[in-house]
Amino acid sequence: MRFRTQGVLLLLCGAALLRVSLFSELYLRYVKEGLRPYLVISGVLLVVLGVLGLVRREKGDGDSRDHGDEDHGHEGEDGHEDHHGHDHSRSPRIAWLLAAPALALLLYPPPALGSYSAEREEAKVAAQGVGTFPKLPAGDPVELTLNSFASRAQWDSGASMKGRTFRLTGFVTKDDDGRWYVARLFVNCCAADAAPLKVQVRGAEAPARDTWVTVTGTWHRTGTPGSDEARPVLNATSVQRVDQPSNPYEKR
908 MRFRTQGVLL
918 LLCGAALLRV
928 SLFSELYLRY
938 VKEGLRPYLV
948 ISGVLLVVLG
958 VLGLVRREKG
968 DGDSRDHGDE
978 DHGHEGEDGH
988 EDHHGHDHSR
998 SPRIAWLLAA
1008 PALALLLYPP
1018 PALGSYSAER
1028 EEAKVAAQGV
1038 GTFPKLPAGD
1048 PVELTLNSFA
1058 SRAQWDSGAS
1068 MKGRTFRLTG
1078 FVTKDDDGRW
1088 YVARLFVNCC
1098 AADAAPLKVQ
1108 VRGAEAPARD
1118 TWVTVTGTWH
1128 RTGTPGSDEA
1138 RPVLNATSVQ
1148 RVDQPSNPYE
1158 KR
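Following our numbering, the numbering of the sequence shown begins with 908 at its first residue and continues without gaps.
Where hints are given, some of them may not hold.
[To be verified] Beta-carbon label-pair distances, calculated as ranges:
# : residue 1 : residue 2 : range
1 : S949      : E1112     : 41 to 51 Å
2 : G1133     : K1042     : 13 to 23 Å
3 : I948      : L1043     : 24 to 34 Å
These aren't lab readings, by the way, just hints derived from the structure by calculation. Heads up, the beta-carbon is just placed ideally off N, CA and C, and yes, glycines get one too.
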């Protein structure tokens, strides 16, 4: 590829990065919020390199026009002009297909990971082994992350959630047998390493898959902490549809 094609591709990639990181919070669908400055810097550098590539191309075109009359060919031994000075500066048209991914990100950013990803892997918990957890804050309902709720449900030997009311927010995912869950994904670095966490909801009708909801209810004990029977389950008293948060992923 020559400088014009390279410049346009760099500009598109840079503009796409700036759109999702500088002018919106769409970058949170792909990476953790702490990586935002690096995305912005990368986008600016790509735009600058793209502009430099286009300027260099235009300068090269101007130089070629200035010397065009001197390069029209020369007469060979047989009296015919030699036209071996073909123009190889044009990029193959297929190279422009490389602009498609950048245009797609610029115009139609893909959505955050949802129920499909969550249904592919069992929930992971933060706690390592059975033990007593710190007391919960006073007042009901207590707003917990799914990670905190699941950890206490599976590992808390002190049953700190007994008799308390909780509020959990996430998207809806379902099993083939009709059970449904409020779920969320959390990331270490970017969406590529996202791991799902699910809390089963009982006592309420399931909304459509990928619907974002806030579920209020009480902990339902299913087994001895640390056993396979101990699962995160919530007896719902209310299910309210909500908008997807700007950061759809749960922090560790």
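Checked hints:
1. Our hint of 41 to 51 Å for S949 and E1112 holds, since their Cβ atoms are close to 45 Å apart.
2. Taking the beta carbon of each, G1133 and K1042 are about 20 Å apart, inside 13 to 23 Å as hinted.
3. Between I948 and L1043, the C-beta spacing of about 41 Å breaks the proposed range 24 to 34 Å.
Figure legend: structure checked against the earlier numbered hints; the only hint not met is number 3.
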